[in-house]
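J.: Chain residues, written in single-letter form:
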Amino acid sequence: MKNMFKKAIVAVAAAGMLALPALQAAVADTITVGAILAETGPSFLGVPEANTLRMLTEELNARGGINGNTIELIVKDSGGNPEKAISFAKQLIEENKVFAIIGPSTSGETMKIKNIAEQTETILISCAAAEVIVNPVAKWVFKTPQMDSDAVKKIYMEMNRQNIAKIAVVAGNTGFGKAGKDQLLQIAPEFGIEVVISEVYDKDATDLSAVVAKLMANKDIQAVVNWSIVPAQSIIIKNIRQAGWDVPIFQSHGFGNIKFVQAAGDAADGTIFPAGRLLVADVLPDDHPQKEVLVKYKNDYESRFKEDVSTFGGHAYDAFMILVQAIAEAGPDKAKVRDAIENMKGFVGTGGIFNFSPEDHTGLGLDGFELITVKDGKFALYMN
Amino acid sequence: MDSSLFLQYLFAGITYGIIYAIVAIGFNIIYNTTGIINFAQGEFLMLGGMISISMLQFMPLPLAIAVAVLVTMLIGALIEMVFIRWINNPSVLRMVVITIGISILIREAALHVWGESVRALPYFIGSAVTSIAVFGTRISPQVLIVIGACSIMVLGLSLFFRYTSLGREMRACSANRRAATLCGINVKNKVTLSFMLSAGIGALAGAVMSPITYTQYDNGTGLAIKGFTVAILGGLGNSLAAVAAGLILGIIEAFSVSFLPLAFQDAVAITILLIILFLRPHGLFGSSEAARLKEF
Chain V
1 MKNMFKKAIV AVAAAGMLAL PALQAAVADT ITVGAILAET GPSFLGVPEA
51 NTLRMLTEEL NARGGINGNT IELIVKDSGG NPEKAISFAK QLIEENKVFA
101 IIGPSTSGET MKIKNIAEQT ETILISCAAA EVIVNPVAKW VFKTPQMDSD
151 AVKKIYMEMN RQNIAKIAVV AGNTGFGKAG KDQLLQIAPE FGIEVVISEV
201 YDKDATDLSA VVAKLMANKD IQAVVNWSIV PAQSIIIKNI RQAGWDVPIF
251 QSHGFGNIKF VQAAGDAADG TIFPAGRLLV ADVLPDDHPQ KEVLVKYKND
301 YESRFKEDVS TFGGHAYDAF MILVQAIAEA GPDKAKVRDA IENMKGFVGT
351 GGIFNFSPED HTGLGLDGFE LITVKDGKFA LYMN
Chain E
1 MDSSLFLQYL FAGITYGIIY AIVAIGFNII YNTTGIINFA QGEFLMLGGM
51 ISISMLQFMP LPLAIAVAVL VTMLIGALIE MVFIRWINNP SVLRMVVITI
101 GISILIREAA LHVWGESVRA LPYFIGSAVT SIAVFGTRIS PQVLIVIGAC
151 SIMVLGLSLF FRYTSLGREM RACSANRRAA TLCGINVKNK VTLSFMLSAG
201 IGALAGAVMS PITYTQYDNG TGLAIKGFTV AILGGLGNSL AAVAAGLILG
251 IIEAFSVSFL PLAFQDAVAI TILLIILFLR PHGLFGSSEA ARLKEF
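Protein sequences, first through last, are from chains V and E. If you use this note's numbering, the first sequence closes out at 384, no skipped numbers anywhere. If you use this note's numbering, the second sequence closes out at 296, no skipped numbers anywhere.
These aren't lab readings, by the way, just hints derived from the structure by calculation. In this text, all values refer to a predicted model and were calculated from it rather than measured experimentally. Honestly, I wouldn't trust all of these hints.
What the hints assert, rightly or not - For the chain E half of the interface with chain V, some residues (derived, Cβ under 10 Å), not all of them:
| hint | residue |
| --- | --- |
| 1 | 88 |
| 2 | 90 |
| 3 | 118 |
| 4 | 142 |
| 5 | 176 |
| 6 | 255 |
| 7 | 259 |
Claimed, not checked - List of simulated lysine to aspartate or glutamate pairs, DMTMM-like, C-alpha gap at most 25 Å:
| hint | chain 1 | residue 1 | chain 2 | residue 2 |
| --- | --- | --- | --- | --- |
| 8 | V | 84 | E | 2 |
| 9 | V | 219 | V | 190 |
| 10 | V | 219 | E | 108 |
| 11 | V | 97 | V | 370 |
| 12 | V | 291 | V | 370 |
| 13 | V | 259 | V | 329 |
| 14 | V | 178 | E | 218 |
| 15 | V | 219 | V | 302 |
| 16 | V | 139 | V | 190 |
| 17 | V | 203 | E | 2 |
| 18 | V | 84 | V | 158 |
| 19 | V | 375 | V | 302 |
| 20 | V | 203 | E | 108 |
| 21 | V | 114 | V | 342 |
| 22 | V | 259 | E | 218 |
| 23 | V | 84 | E | 218 |
| 24 | V | 114 | V | 286 |
| 25 | V | 97 | V | 59 |
| 26 | V | 112 | V | 302 |
| 27 | V | 259 | V | 121 |
| 28 | V | 296 | V | 94 |
| 29 | V | 336 | V | 158 |
| 30 | V | 203 | E | 218 |
| 31 | V | 178 | E | 108 |
| 32 | V | 178 | V | 121 |
| 33 | V | 306 | V | 58 |
| 34 | V | 166 | E | 2 |
| 35 | V | 259 | E | 2 |
| 36 | V | 166 | V | 359 |
| 37 | V | 84 | V | 202 |
The beta-carbon is built from N, C-alpha and C at its ideal position, and this holds for glycine as well.
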């Protein structure tokens, strides 16, 4: 008798556990969106991205969600570590059964989970910039930052204008840095530019005076391109100016957070880099198509989080808003939403105006960029 | 290579070298008094930098650094009293594991208190772009401050250990604990003092190098590894040798950049360490007999 009783309890419990997920699905029509962001870790990427996503999710749910479906946001902190990104991706897809994943913050992490997203047919909208994320194109993988190849072209166009022909390239040893270095070396001949020296520095490097000495030894160098997403990019700028070298310094769009500028102090003044217009939203002409979106996001973010906007938060903003628009158009069906994103045209975001296509999963071109410089420790439009 | 370039490499090498040397001296002080390798040494540098940065909001720079050094010394004493003191005859392995655990603890606490962002003290003289001419090459004045402060510390420590009674008592503890106790020296207190001293010099080094290298919750680990390398290179326990070894390593690292890609810089340091350990395991300046007598 007792044995039967025990077995009955176990059977009921097991049935209950099996029923639970079904119950959950029936009760709420929430769309679960996962995010893998580098909230901790050496770069100032993940915090603005996570803040932006949380802010937008709250605003959206307060307005009633998308056609009555609220969004449940799950943010995982990968610390910029590709191995953690892989395990969080699997967790989000298999356990939390997310509808889509926004992020990761860095190119290295994105490349590691690109296949996972493709195989599990999960929409992945990355906030990382390397071209290899969308080239070769994977059906389910998109990204919102501008192409690093376009950033390179923007820099080279300016160099042509300044008659700079011989340059040195220093890059951080992250996925973003290495991809950028490859693009810089590959595209240089098209613009008649010769890369005389190229060096890779460790992302945790604390002093780069030795490599600066090596560059200074070569008197042919007319400009230095510093391509990196880590705080060490500020260190090398300081080392160059401390060595008394006033060579023009160009940075990548990985410089787009005021904290990198603050870390470099006065050394950052005069550096030039391509970035989205978010950093100079206030000085855009009123009839610029992006102005309204940029100014609203900037004011919302800065008043809520008491820190300056950065282009990284902007990439998260674009990813979220594109996803939301696609869901609004196509309903909560993964395949249809994917198609909707792929065919989206004329979407006004912080990075530029997005025009996706089956061959182009970035949606942004050269005109997503503006050349920005630093004046008195603040971002300013570069006037040439 | 012309002389100005040579000097630039040299200064880069000396800056690094002397920082490694200070970390190594910190290892040596504790090792000498207790036989323990304190892997939390790097964290003392990080704390010195971080606490000075926090204190800077309330007081002028010299005072902030002084407070940071004192607080870190207290933390060092606390660590000793809470984790080390009550362990009798610890094995080397056990102490290594304990000190690594302590370093992780401090690191996570720092992450909690200060967050993950990178901070720095402002440059003591001028700003990030100030550069002064020295012997025909230009360097930041902060580099000279780092070299100066660390040199003064090294000098002060050697005077302390040689000429003050407290210093001699600590050397007695390291030579033979039991004999020292028989002479009436309070060995337990000397152990605490050695932790405080190591913490103090680490904190000062961490503060002066903060403008150049930035301070972040986890920059202690890399420094501890390099510092340990230098301590072994010079011969564990020999502080003057640590200074020499630190400078040698720093300068070799800096000059290696001139003919190798930068990415190999760390590999150079480790390769040198491996070569020395194969050929002279007791370090460049250690004596082989003494090394055989020591447990580690």
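J.: With reference to the structure, classify each hint as holding or not holding.
T.: Here is what the structure says about each hint:
For residue 88 of chain E, the interface hint is violated, since its Cβ never comes within 10 Å of a Cβ in chain V; the closest pair sits about 39 Å apart. This hint is violated: residue 90 of chain E has a C-beta 32 Å from the nearest C-beta of chain V, more than the 10 Å allowed. Taking 10 Å as the C-beta contact cut-off toward chain V, the hint placing residue 118 of chain E at the interface holds, the least distance being around 5 Å. For residue 142 of chain E, the interface hint holds, the least distance from its beta-carbon to any beta-carbon of chain V being 8 Å, beneath 10 Å.
For the restraint placing residue 176 of chain E at the interface with chain V, the shortest Cβ-Cβ distance is roughly 40 Å, beyond the 10 Å limit, so the hint is violated. Given the 10 Å rule on beta carbons, the hint for residue 255 of chain E holds: about 8 Å separates it from the nearest Cβ of chain V. At about 9 Å, the closest approach between the beta carbon of residue 259 of chain E and any beta carbon in chain V falls short of 10 Å, and the interface hint on this residue holds. Pair hint residue 84 of chain V plus residue 2 of chain E does not hold up; C-alpha atoms about 47 Å apart against a cutoff of 25 Å.
With a C-alpha separation of about 23 Å, the suggested pair residue 219 of chain V and residue 190 of chain V falls inside the 25 Å cut-off, and the hint holds. For the given pair, residue 219 of chain V sits about 46 Å from residue 108 of chain E by alpha-carbon distance, which is inconsistent with the 25 Å threshold. Restraint check for residue 97 of chain V and residue 370 of chain V: the C-alpha separation of about 39 Å exceeds 25 Å, so the hint is violated. Restraint check for residue 291 of chain V and residue 370 of chain V: satisfied, since their Cα atoms lie roughly 13 Å apart, inside the 25 Å limit.
A distance of roughly 38 Å separates the Cα atoms of residue 259 of chain V and residue 329 of chain V; the hinted pair therefore is violated under the 25 Å criterion. Our distance criterion of 25 Å between C-alpha atoms is met by residue 178 of chain V and residue 218 of chain E, whose separation comes to about 24 Å. Between residue 219 of chain V and residue 302 of chain V, the direct Cα distance comes to roughly 44 Å. Violation of the 25 Å bound is thereby established for this hinted pair. Using a Cα cut-off of 25 Å, the hinted pair residue 139 of chain V and residue 190 of chain V is violated, with the two alpha carbons roughly 30 Å apart.
Restraint check for residue 203 of chain V and residue 2 of chain E: the C-alpha separation of about 30 Å exceeds 25 Å, so the hint is violated. Between the alpha carbons of residue 84 of chain V and residue 158 of chain V the distance comes to roughly 39 Å, so the proposed pair goes past 25 Å and is violated. Taking the CA atoms of residue 375 of chain V and residue 302 of chain V, the gap is about 21 Å. The hint holds against a cut of 25 Å. Of the supplied pair hints, the one linking residue 203 of chain V and residue 108 of chain E holds, its CA atoms being roughly 21 Å apart against a limit of 25 Å.
Proximity of residue 114 of chain V to residue 342 of chain V is assessed by CA-CA distance (about 17 Å); at most 25 Å being required, the pair is judged to hold. For a cut-off of 25 Å, the pair hint linking residue 259 of chain V to residue 218 of chain E stands: about 18 Å separates their Cα positions. Restraint check for residue 84 of chain V and residue 218 of chain E: satisfied, since their Cα atoms lie roughly 18 Å apart, inside the 25 Å limit. Proximity of residue 114 of chain V to residue 286 of chain V is assessed by CA-CA distance (about 39 Å); at most 25 Å being required, the pair is judged violated.
For the given pair, residue 97 of chain V sits about 23 Å from residue 59 of chain V by alpha-carbon distance, which is consistent with the 25 Å threshold. Among the hinted pairs, residue 112 of chain V with residue 302 of chain V is inconsistent with the structure: their alpha-carbon atoms are about 33 Å apart, more than 25 Å. The hinted pair formed by residue 259 of chain V and residue 121 of chain V fails the criterion: a straight-line CA distance of about 37 Å is larger than 25 Å. Between residue 296 of chain V and residue 94 of chain V the alpha-carbon distance is near 36 Å, which puts this suggested pair outside the 25 Å criterion.
Of the pairs offered as hints, the one joining residue 336 of chain V and residue 158 of chain V is violated, with about 41 Å between alpha carbons and a cut-off of 25 Å exceeded. Annotation: proposed proximity of residue 203 of chain V to residue 218 of chain E holds, straight-line Cα distance about 13 Å (limit 25 Å). This hinted pair does not check out: residue 178 of chain V and residue 108 of chain E have alpha carbons roughly 30 Å apart, beyond 25 Å. Between residue 178 of chain V and residue 121 of chain V the alpha-carbon distance is near 28 Å, which puts this suggested pair outside the 25 Å criterion.
A C-alpha spacing of about 18 Å is found between residue 306 of chain V and residue 58 of chain V, which places the hinted pair at or below 25 Å, so the restraint holds. Pair hint residue 166 of chain V plus residue 2 of chain E holds up; C-alpha atoms about 22 Å apart against a cutoff of 25 Å. About 37 Å separates the Cα atoms of residue 259 of chain V and residue 2 of chain E, which puts this hinted pair outside 25 Å; it is violated. At roughly 34 Å between alpha-carbon atoms, residue 166 of chain V and residue 359 of chain V are farther apart than 25 Å, so this suggested pair is violated.
For a cut-off of 25 Å, the pair hint linking residue 84 of chain V to residue 202 of chain V stands: about 20 Å separates their Cα positions.
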